[in-house]
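Visitor: Next come the chains, spelled out residue by residue.
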Amino acid sequence: MEEKWEPTIIAFVCNWCTYAGADLAGTSRFKYAPNVRIIKTPCTGRIDPMFILSALERGADGVIVSGCHPNDCHYNEGNFNARRKYIMFRALLTQLGVDLDRVTFAWCSASEGIKFAGLVTEVTDRIRKMGPYTEFKQLNQDAR
Amino acid sequence: MKEIIEKAKELLSQGTVDLVIGYEQCGDKQCRPLFVQKPEEADKLVFNEFCVHNLATYLTRPEVKQTKRVAIVAKGCDIRAIVNLIIENQSTREHVYIIGMNCPGVVSGKAPNPTKPHTKCQTCKVRTPQMSDVTLGPTPPESIPMDKTITHPDVEELKKKTREEKWAFWREQLSKCIRCYACRQACPMCYCNRCIVDLNTPQWIDTRSNLRGNLDWNIVRAYHLSGRCIDCGECERVCPANIPLMLLNRTLQEEVKEKFDFESGYDLEACPPLTVFEKDDHENFIR
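The listed protein sequences derive, respectively, from chains A and B. So for the first sequence, the numbering used here puts the first residue at 1388; every next one is plus one. So for the second sequence, the numbering used here puts the first residue at 7; every next one is plus one.
No lab work stands behind these hints, which were simulated from the structure alone. Note that the coordinates shown come from a computational prediction; the quantities given were computed from them, not determined experimentally. Every residue gets a Cβ at the ideal spot worked out from N, C-alpha and C, and that includes glycine. Do not rely on the hints blindly, as some may be mistaken.
[Said to hold, decoys possible] If you want the footprint, here are the derived chain B segments under chain A, 3+ residues with CB under 8 Å:
id	region
1	167-181
2	212-219
3	229-238
Please put together the full structure from these sequences, using the hints given.
Guide: Next comes the structure, spelled out in structure tokens:
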């Protein structure tokens, strides 16, 4: 019997806001899709655009990048720097034809457990409808 | 070009500089970089429409950095690179003696048969050098005004494609890449002692020439040049696989201009846009 395909979502989150938000979602017993793999980083500023590429190449069907709201950054300016980086990175990926509907950016604070749970579920549902990201999986296979 | 030779001899014999970087003729339709250390070697210096190379790329080489002071024959577009290197603390204004050249435009296409005028020359804003210690050469045709926003037709064409078409296009183009890294070596803005592609703990980019590695490499290079690329087109010129690398760089130049109202290489006091931020930077993709 063939197993039903389920999307793999990688979430890069910052230690101080979104990770705590995810923690809150857990302790508050909010249900959210189990497809997400959370990777904790010190700050949104640490989430190098290479992380997103690597995730997609290593089999992720969708990526979530999330951190503190503007003005809330634990290091004051990490998320502002990250925002500029991602403005440029998205422009680049758009022109390369990478499917940006699969990469979701969000601000999610430590108190927004419910927002995090909703975000993960919504992204998972969306990616499930879109199907596996074969273009990048193909790259990986060709590279073997 | 007699005045360059005289200038170089003067600078070297007076001891103002220890090295002059310029061009020499090699073949009918080709020039090559020339490094002059003694006044009597300066006779080979030339300047014509075949002087395409951006010599600013040598300023970050250790051998050149060790000199007391270096003179460099530079077109307006090359001076953009020098400005950027100074901004990024890779050189100082005092270390470089800029022999600015009035430039009517250079050729593009590969030797031995270059034909077309270079794309960058059609949108040139600095035919008269914007910053130099001495400016030589006859007065060039008028430049495009500094405040004019440039749009490149090839970028417009790329933007019109659908996502699938873009992906197919780049798949085809980037699969030609042989990972010779000529783009990196020729680029005046690529000066890291250890390039990300040479790092192996962790290894971010597959060093084999497969599409995944090629895609990563070219994405990373374009991304690292965002807000820094000075549109000299050297990467594209030296690419043995004829990949339209400037298409990516120009896309990002236009984006930087639109989002942050910045063009690199014109202003010594400017901050590169990816080293600073505004609290109200506008975006519409973060929820």
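Visitor: Taking the hints in turn, state whether each one holds.
Guide: Hint check:
| no. | hint | in the structure |
| --- | --- | --- |
| 1 | 167-181 | holds (count 9) |
| 2 | 212-219 | holds (count 6) |
| 3 | 229-238 | holds (count 3) |
Violated hints: none; the structure is consistent with every hint.
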